[in-house]
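Going line by line, the protein sequences match chains A and B. Following the working numbering, the numbering of the first sequence begins with 18 at its first residue and continues without gaps. Following the working numbering, the numbering of the second sequence begins with 18 at its first residue and continues without gaps.
Misleading hints may appear alongside valid ones.
Treat identical chains as interchangeable: a pair holds within one or across any two.
List of simulated lysine to aspartate or glutamate pairs, EDC-like, C-alpha gap at most 20 Å [what the hints assert, rightly or not]:
hint, residue 1, residue 2
1, Lys172, Glu119
2, Lys312, Asp133
3, Lys350, Asp403
4, Lys140, Asp117
5, Lys313, Glu247
6, Lys172, Glu303
It is worth saying that the hints were derived from the structure and are not from the lab.
Protein chains: 2
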Amino acid sequence: MIGKKVLKELAQAVGREKVFAESEYLLSYSYDATGLEYLPDAVVFAENEEDVAAVIAVCRSHGLPLVPRGAGVGYTGGALAVSGGVVLVFTRMNRILSLDRENFLAVVEPGVVTSDLQEAAEKAGLFYPPDPASLKTSTIGGNVAENAGGPRCFKYGVTGNYVLGLEAFLMNGEKVRLGAETIKNVAGYDLKSLLVGSEGTLAVVTRVTVRLLPLPPCRLLFRVDFPALEDGARFVQRVIQAHVQPAVLEFMDRSSLQAVYSYQGLALDDRLRAAVLVEVDGSPAEVAEREALLKKQLDAARPLHWQRAETFAEQEALWATRRNISPAIAKLKPKKINEDIVVPAGRIPEMVGFIDGLAAEYGLCIVLFGHFGDGNIHTNLMVDPDDAGEMSRAEVVLDKIFRRVVEFGGTISGEHGIGLSKKPFMHYQFSPVELELFRRIKKVFDPDNLLNPGKMF
Amino acid sequence: MIGKKVLKELAQAVGREKVFAESEYLLSYSYDATGLEYLPDAVVFAENEEDVAAVIAVCRSHGLPLVPRGAGVGYTGGALAVSGGVVLVFTRMNRILSLDRENFLAVVEPGVVTSDLQEAAEKAGLFYPPDPASLKTSTIGGNVAENAGGPRCFKYGVTGNYVLGLEAFLMNGEKVRLGAETIKNVAGYDLKSLLVGSEGTLAVVTRVTVRLLPLPPCRLLFRVDFPALEDGARFVQRVIQAHVQPAVLEFMDRSSLQAVYSYQGLALDDRLRAAVLVEVDGSPAEVAEREALLKKQLDAARPLHWQRAETFAEQEALWATRRNISPAIAKLKPKKINEDIVVPAGRIPEMVGFIDGLAAEYGLCIVLFGHFGDGNIHTNLMVDPDDAGEMSRAEVVLDKIFRRVVEFGGTISGEHGIGLSKKPFMHYQFSPVELELFRRIKKVFDPDNLLNPGKMF
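Let's have the full structure, built from the sequences with the hints guiding it.
Given below as structure tokens:
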């Protein structure tokens, strides 16, 4: 608990109307998509970089933790104030400062909602590709902190591939400008890339310069249904091998489909075991070429059924199934253990088969879906926290999954980051030497461990 | 000078046949493309990671500098042993360990020559895009150290965009594995990206995993000649604005062309002031579309003349002019001050005009060429070191150029890195706070400052 004196200092520093310590505010900013809750001592809404600098100064002088927060929709507790302190909310710093058609750049404040940037870019004939599932609420600042991905990242890369420059404040109060407004930049250490994905533990980002692309004029979406899980996984691989280069290659297993269909009140074909969404984009001629390549693979794969969606409305209807998976499966069991492992794409059929085998062997409900094009398998263990036996079986299965992922040259997190939830798993991927390097890097930026403490390692 | 005892230790550690201290060896590994010379005390040819670990151990125990070196073709002195010590040469660690068509990956030792990797990838129908001008001699290890670019990086990105994973040794002798074999990976701080471009000052890389793309089946090259410098610069911009998305957009000014034509013994059209190379690539239909878009811009731009090269031989003939610029201009004056500034592409006409104006105002020969698509302007001040007046005018001009570059949101180095040559210019781009961060990061990895000391800051 912080005293009235500190609250008064905060109010003096940024203005009374931006500082809240009432319990309803503390509660509103105490949780994220993990369901975990940690009450902060105060919530401050930054409106400009002066506010950020002022809050840092107060936190430093009182040794108070500072937790930057965007929309709070993260899956690993990255924005939770586990040691109390001040939650610094960026949703009011939501201006697109410039959208430069000549240089294919946008400069934005960290609180800009991802889809707002995408829409502004589209209006200018430009394209901001990263598309995390939460894009209608998530902020660019949060996306930078987690190096957010999404379906399109298979073709277009992740958030970090679009961040050219950052402005940020260090916990010593100094402002730094990292990167540049150019694609090429090899002067000095690449601290911009170090900050991307650092989960708000190194510096407080106040401005982001992102690269934009020309908007692909055409887009076609296909849904392909298979009678076996492995058939779907193999189809994904064949599409990659055939150099179709789709923008999106999404996979849904039987459990995901079952949950969504029941959520939507629809009947599901008994034979259906997996569905794949394939989106191709580009100019009309490119899209036609990619479609022809894809159709060869469709013929070879002998799916149960496939659909082609050309109009926006048709495409949205197909996407609805995919987008509803998360809310739909949440109804299957009281708790979802939500992992976002990645393996090299060629390992997907093996990995999917392995997980499916474990589910059967240990009697667990495991729902698989995700961005199979880039090997990103969202692996959801649906459990009941009151069932001790189930919980301990889940632990054994997770251990086996993480070991296999690392053996396959993969990673324990492709999108969600480490935060709180995945801290216990870091040792699967990193040696004590590597973890020590992380700690020492953290110390360079934040020697007193005030900035988003308790996360990642 | 190191004593016989240390040399003996080195020989015992890695084998006598890999350690050299004879003056002809020391001389051969004392210089790079800067023309600067610093004699090391010993040269060791690593053949495997055990050699690397052993040399690190000897250097550490004697407090000896260790300088990793690839082909030694860098432009900023990155591979020079400015404080003596051991130069650790990687040219014998030149195996492509795997080339994985299923996962679009290659795993290579750092001594692999860039073009060898490109050719091996092409044979498998795959593509490793980064193409620094020195690609026929430069090594992947050197490319990683400098985050090398090249003409194609306009469309395809730089070396760092293709490095998925690194194995490296720290100066404390510990081995680390950074990154993964996947495109998405958000576990822990992105130390892989921090190492890329760190000029061999943080760790000694022993293995590199790179991402490959499907090989674009078609390629078309155009050369377009203009009667004025600004016409050429504006054409580059129009091609970008029209979303032609060429793979390459190279620019050559009158002085570069004059030097190359005289080097090749050819006559040059009197009216010619600038030439632009445009390469479009992709599938046949994509290339046809891009060609149509380009032709609209050709019609609008009213060039003096243009050529279209379809066959490999025709294309190589056009490329020869561009590739001969560096050797050709070296004959213009005794010394070339070789800068590789970058500005946002929309600023190119302004920047080129500014430099041209300075050349006239200060009576200097400044040769401009480069990768204008990504704003990377190779700016060569051709000077005579014995002409004190010219040298001091060059200094004034450089100061003005760097200031303008930074004002424009650009960077002082797009490809060559900082090394020794650009250390004096770091303050243009970085504040004392940022430079101090670099020093503290260096200390985390190399507290005794033994690894490639004296570089960058």
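Each hint, compared with the structure:
1. Lys172 / Glu119: Result: close only across copies, 16 Å inter versus 24 Å intra.
2. Lys312 / Asp133: neither (35 Å within a copy, 35 Å between copies)
3. Lys350 / Asp403: within (11 Å within a copy, 81 Å between copies)
4. Lys140 / Asp117: within (12 Å within a copy, 40 Å between copies)
5. Lys313 / Glu247: within (19 Å within a copy, 48 Å between copies)
6. Lys172 / Glu303: Both ways: Lys172 and Glu303 sit 14 Å apart in one copy and 17 Å across, limit 20 Å.
Violation of the numbered hints given earlier is confined to hint 2; every other hint is satisfied by the structure.
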